[in-house]
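Between the sequences and the hints, there should be enough to build the whole structure, so can you do that?
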Amino acid sequence: MFHLFYMSLLLALFWLGLSGHYTALLLAFGALSAGLVAWLAWRMDMVDHESVPLHLSRRVLTFWPWLLVEIVKSNIDVVRRVLDPRLPIERSVIRVPTGDMSPLRETIYANAITLTPGTVSLDVSNGEVIVHALSRTAAEEVRTGEMARRVTGLEQEG
Amino acid sequence: MFTTGLLLVLVTMALALIRALRGPSLFDRILAVNMFGTSTVLGIAVLGFVTDRPAFLDIALVYALISFITTIATLKYFEYGSLGHGRRERDSG
Amino acid sequence: MALLLDVLSWICLVGGGFFCVVGGIGVLRLPDFFSRLHASGVIDTLGAGLVLFGLLLQAESLDVALRLVLIFFFLLFTVPTATHALAKSALQGGLEPEVDDDGGASSNS
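Same order as they appear, the protein sequences are chains V, R and X.
Numbering-wise, this note's numbering puts 131 at position 131 of the first sequence, and it's gapless, one number per residue.
Count along the second sequence from 1, then add 1000; that gives the number in this note's numbering.
Count along the third sequence from 1, then add 2000; that gives the number in this note's numbering.
Just so you know, the hints here were simulated from the structure itself, not pulled from any lab data.
Hints are not guaranteed to be accurate.
[To be verified] With the Cβ distance kept under 7 angstroms, some of the chain V side facing chain X (calculated, not the full set): (1) 13; (2) 17; (3) 75; (4) 77; (5) 111; (6) 117; (7) 134.
Yeah, the Cβ is synthetic: ideal placement off N, Cα and C, and Gly gets one too.
Encoded structure:
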């Protein structure tokens, strides 16, 4: 119930931010559509701690900047490999164990891998992620497990 | 200033189109269309600044979501041959 | 101050455009489907991020800024999902990733 309330609140704020018209009629429409969306999500049985991950909100603030730096670094690597024909393209497929991550953490982990250029997660199953890497450095980067550690750290206080 | 950005984005869209036309596999084409979608979002946003019409940003916002749904729906269609069936139904039948 | 902002946002716009074009070149130049995924990732992350940030510096009102930030966030959430879906269904659709280098995988498994 708390998650439902939080979701409706977020949707209402979203509407207020985008609409920019604060007349009674439009506010009523906004409340109506926020309520409708929240109800639909509730009917689809999608309102729980996974779709409204409140417990992540604080930890995410340190995770995102770190991810941003990683993304910039690996972007530069991919760009150099695309532009400079002398640099080798070493495609490889590696398997990385996710350990005992919860499904939510597995999803965040796989998404973070995909979001970093140079590595794409091909499949997530049986406690491991199959990763396609463009270069050996990118593959090494994933194998060090730094990202996995940080994703695991996301939920520790939850 | 904005025009330069717009031009670069347009070049990207042209490159994506070439890949979409050349293929060779179906997935290459979908990838190119997906990329084209992302550059279109950027293009619309920059165009809004070029013509000084901030309403274009709303279009870009909606287009970002629609282009995502396009990719997913196309993939699902080619994977299962229809849009109405999920993995489970296909595996059991 | 205004000049500094202009210069900064020009750098971001052109830099973002540059990354977009490089991504486009990569998608044409790289040898197989799975490596092309990485090139399109360049457009989706740094290309889009820099272009939108460059626009954000020129935003005149809070309204415009909010929309730009939202576009960026939507891209950040949808792009990896789409890429992963694409990679996974390509794998199931019979495309085999070519491998030049085992990346030391044999020592691990």
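Is the shortest C-beta separation between residue 111 of chain V and chain X less than 7 angstroms?
Given a least distance of 4 angstroms, the restraint on residue 111 of chain V holds.
Hey, does the residue 75 of chain V contact hint survive, CB to chain X under 7 angstroms?
4 angstroms, holds
Tell me if residue 13 of chain V is really an interface residue toward chain X, meaning its C-beta lies closer than 7 angstroms to one of theirs.
Violated, about 11 angstroms.
Under the criterion of a CB-CB separation shorter than 7 angstroms, is residue 17 of chain V in contact with chain X as hinted?
With a closest approach of 5 angstroms, the residue 17 of chain V hint holds.
Let's test the interface hint: is any C-beta of chain X closer than 7 angstroms to that of residue 77 of chain V?
Since chain X brings no Cβ nearer than about 10 angstroms to residue 77 of chain V, farther than 7 angstroms, the hint is violated.
Given residue 117 of chain V as an interface hint, is the shortest Cβ-Cβ distance to chain X below 7 angstroms?
4 angstroms, holds
Answer holds if the nearest beta-carbon of chain X is closer than 7 angstroms to that of residue 134 of chain V; otherwise answer violated.
4 angstroms, holds
Going through the hint list in order, the structure does not satisfy hints 1, 4.
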